[in-house]
Amino acid sequence: MDGSVGAEAVIQATGLVKRYKEVEAVRGIDLEVRHGEIFGFLGPNGAGKSTTISILCTLLTPTAGTARVAGIDVAHDPARVRQRIGLVFQDPSLDDQLTGRENLEFHAWIYSVPSSERGKRIDEMLALLQLTDRANSQVRTYSGGMKRRLEIARGMLHQPQILFLDEPTLGLDPQTRQSIWTHLNELRADKGITIFMTTHYMDEAEFCDRIAIIDQGKIVAQGTPDELKAMVGGDVVTITSSRPDEAAAEITKMLGVTPVRDNGSLRMEVPDAKVFVPRLVRELTAPVDTVTLRRPSLDDVFLKLTGHAIRDEAAGTKDQMRAMASRWMGRRR
Amino acid sequence: MDGPEEMSVETAAQGTRQSAPAVEPIDTRLASLRAIYIIWYRDILRYWRDRWRLVASLAQPLLFLVVFGSGLSSALGRGSLFGTAGGFSYIQFVYPGIIGMAILFTAIFGAMSIVWDREFGFLKEVLVAPIDRSAVAIGKALGSTTQAMIQGLILLVLAPFVGVKLSFLTIVELIPLAAVLAFGLSTFGVALASSMKSLQGFQVVMNFLMMPMFFLSGALFPLTNLPGWMTVLTRLDPASYGVDPLRRVVLAESGRSSALVDSFGLTINGQVLPIPLEAGIVLGFGAVMLGIAVVMFQRRD
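Residue numbers (the working numbering), protein chains in the order written: chain A, 1 to 333; chain B, 1 to 301.
It should be emphasised that the hints constitute simulated quantities derived from the structure, not laboratory data. Treat the hints with care, since some could be wrong.
Stated by the list, open to error - Computed spacing ranges between beta-carbons, pair by pair:
1. G119/A with D27/B: 20 to 28 Å
2. L30/B with Q175/A: 55 to 63 Å
3. R140/A with F161/B: 33 to 41 Å
4. G280/B with D91/A: 23 to 31 Å
For clarity, every value in this text was computed on a predicted model and none was experimentally measured. C-beta atoms are modelled at their ideal positions from N, C-alpha and C, and glycine is treated no differently.
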């Protein structure tokens, strides 16, 4: 996407496998993340995203395979890797009895930021993430978006080469998500940092320079959002019908495309929707209730590659539970 | 030893450093000391910020002293151990025990805040830092040691109300003794918390460890002339060896004969233990507990 991005790899994983007793959470992953890019790791909940990021951050040891992060083998010298990476976890990890500034000071101390630099860097990161006004308030008075920003500021404090974010926008409202993205882009421009993030929001993945799509512990595609979207041929047409089975059979037979069933609707890729839709309406004997057509999105890529949609019921419920839990815990504390 | 391998890692690391700021190698020992300091400091900061807890924590000992102490002082009149002429009232006897109680509860609760940190996510921030994990156990143990010590020593302001005179020298003697007891119990708390994954185990610890430790420590009654089984249990309770010196130092100041003070002392085989030995036992216990806590923390989960 950006021609100035360096070509050297800052993360390189080969054949990563993580096995828990019976379950194989990660089943042979190869990855290459280049210096200075925002790399999105995309997939539904339970696909192995968190396990992979944990291996790269040295929080888990792989069952097989190797990974080098910032040039260092994660299995060989985890402490040196951790010194060079910043982490923003999926679940909150701030001390909300302390102020924002105190949380950053704590971090600066345990990461051995030189005392002469401590105050300066804390001020800079607070300003960059627009937290200066509230720096001396206790974190428990912060909004969800402010907490996230503070965690990003904290992850950057020891000047890491790579910032890892696990679902950084989970549970935030769309406006706050947008502002987190603005900050991440600023950080990259300002600090020349590489960003590796996981997400299951497809629309967010569009902001990444390159993405890898993971499903059931394996990478099914890797490339820029445009490259991946090009894998879906042309336009996406979705129809609903009161007799979907009959409609699907007719479309396959008469129009030569095989529709994918998705929650009661039929989805198909066609080279040119302008020509296709009139034919469809004319030739189908099964009733067509609605027709929608649009340019392909990453959702379509995912559906095409895996045969199922990324946001299923389970993910929605889990998000809701998480939001509920954090509200309840927040109040209790 | 593994020189060549180390070298190749170094070169590879340098290859990617061009545009990112160079990372200076950290002196690990210094880094651990820094980590211990800041983990300790965070505990003190939180303790200090929560002034209501400071005030509230005085309520329970006060209740014990006033109600329990006064009540039993009257009940245990003449003829009992506390009734003899020139002896102590029960309230004077129990006063140092209550100081011990404040230390015991604060130390273990303080150390158990690790479980809260785990529950609310903050522990993760500490565990992923590029530091030796022993620093986490040590910093936390020192944090609750400090809190428990302060919490115990605050109660010295109540001395005039229970008829105990304290000299400056007594207070100077009490500070290290309170610190030793606080350390022994804090490390015990950290060792317990290190293996606890949820808040659920907390109630169990409370009922099956803390309360028995408190009751058997001699805080509330002299550990003399007890039934055999109880004598054994009280001598196995590490808190006993911390409460006894507090009591002997507090009561020795009150001008009574040392023979009388010693009659309350902790004995093994009829021998009154010297205070330095008792302190040594508590310190030794603390060292073993800290060792266990460090090993538990260093296991990667």
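Compare the structure with the hints numbered earlier in the document and write down the numbers of the violated ones, lowest to highest. Hints 2 and 4 not satisfied by this model.
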